[in-house]
Structure formats: C-alpha cells, structure tokens
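I would like the entire structure built from these sequences, with the hints used as guidance.
Those sequence lines, one after another, are chains Y and G.
Per this note's numbering, numbering of the first sequence is gapless, rising by one per residue and ending at 112.
Per this note's numbering, numbering of the second sequence is gapless, rising by one per residue and ending at 1112.
Fair warning: there could be bad hints in the mix.
What the hints assert, rightly or not - Under the rule of at most 20 Å between Cα atoms (straight-line distance), these lysine to aspartate or glutamate pairs were calculated in the EDC-like manner: (1) Y/Lys68 x Y/Glu56; (2) Y/Lys42 x G/Asp1038; (3) Y/Lys99 x G/Asp1056; (4) Y/Lys42 x G/Glu1100; (5) Y/Lys58 x Y/Asp84; (6) Y/Lys99 x G/Glu1079.
Think of the hints as simulated: they come from the structure by calculation, not from any bench.
Listed below are the residues making up each chain.
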Amino acid sequence: GENVEQHPSTLSVQEGDSAVIKCTYSDSASNYFPWYKQELGKGPQLIIDIRSNVGEKKDQRIAVTLNKTAKHFSLHITETQPEDSAVYFCAAVTGTASKLTFGTGTRLQVTL
Amino acid sequence: DAGITQSPRHKVTETGTPVTLRCHQTENHRYMYWYRQDPGHGLRLIHYSYGVKDTDKGEVSDGYSVSRSKTEDFLLTLESATSSQTSVYFCAISVAGPNEQFFGPGTRLTVL
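Now the structure itself:
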C-alpha cells in the first residue's frame, strides 16, 4: 500500500519568514495530494490540494509543488503569521486504493 | 466543520464496555470515513462508507464495526473497548471518494 513520509516533525520560524514542509510517497499511481492544517482541539482543515497532472498550485500565501518523478511534494508558506502556527499533514490518494494515506504531521510554530 | 457533528465529544469508559460514536452530516454527501489520530501516527483510516449500508475496512479496522442506515449518520462501534483504543476519533465526509475530505471536530475517547 501507499506510504507517506513527512519532514520535519517540528519547524520553528520567525514571523514573516517562509516555511517549507516536505513529503514523499511510495506509490507512483498516487494522483491526489491534499494538505491539512489542524489547530489545537479541532479537526483537520483542508487548505490546499494538487492533482498529479499539475506541478504547482498557489493560493495567496500558500503553495504546493509536486515532483512526480521523485515522488515528493511540498507545502510552502510565505510571510508566515502567528495564526499559521498549527500541525500540518500531507496525504496521498492512490486511485486503485481510493483511500487517503496521511503523513505523520509537522508542528509549525511561528514566533514573533 | 463543513456541516459535520460528532457525538459525544469526550468520553471516558472502562475496558470491556461497548462504545458507539456517532457522526452526523447535513451535506447529504455519499462518502463518510472514520479515522483515529494518535501521536506519531497521523490519521489512520478505520472504516469508510460509500453509501447507505455500503461499508468497507480501512487499515486499522480490528476491534471496530460500523453501520450506516441513513445517508446522514455513520456510527462507529467498539464492541469491547480496550486501552489501545484510547485515541481521538475523527469523522470525515466527501462528495467524490477519497478526494477533498472534510473533517468533523473529533471525539476524544479514553479507555481505562
């Protein structure tokens, strides 16, 4: 089955700096890659996603890139703000399995 | 939380007792999922449903059963709770399979 690895497990950046979280996946048939943000005591919230026919997608300060050859994808947050502090999860879907496999999460802390 | 409620939000129970968690949606979405979240493991799929009375197992289904008799409700049952089932349980819904899943607020279950 699919295996998703996520790095780093914790990340601390200063307000205004950029943050990058990286994930790798094992199944070359995976075709959908969402990113979730989870704040303390809440459920994960879908913040951006990318499909395998696209290399990059942006939404304001958030972008995701996908390298199918290397089987990795990354979340980029620019101009970080304190409200970006949360745990971020990547995930991958393999068409044949039709299930989401999650990474283990990255705790992002944005310091003033 | 995308029209999803989970009940109860917190529960403490004893080993060997049955427990049922409820997920209710107001979106009339076809697909519903149950995940558990544990430190170091991210979110792992327990069971999912692709329609009324249509369910299938996820990667950690042992010790759990589910039922879906109405579109809006998806029940997760622990027939005989064990301490290893202490976790936070999340329900998710989607329109079209594993893509674009939206999560509920979660249920924190403690088995003593």
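Here is how each hint holds up against the structure:
Restraint check for Y/Lys68 and Y/Glu56: the C-alpha separation of about 11 Å stays at or below 20 Å, so the hint holds. This hinted pair checks out: Y/Lys42 and G/Asp1038 have alpha carbons roughly 14 Å apart, not beyond 20 Å. In summary, the hint linking Y/Lys99 to G/Asp1056 is supported, as the alpha carbons are separated by about 11 Å, within the 20 Å threshold. Distance check on the hinted pair: Y/Lys42 and G/Glu1100 sit about 18 Å apart at the alpha-carbon level, within 20 Å; holds.
Taking the CA atoms of Y/Lys58 and Y/Asp84, the gap is about 16 Å. The hint holds against a cut of 20 Å. Taking the CA atoms of Y/Lys99 and G/Glu1079, the gap is about 25 Å. The hint is violated against a cut of 20 Å.
Hint 6 alone, counting from the list given before, is not met by this structure.
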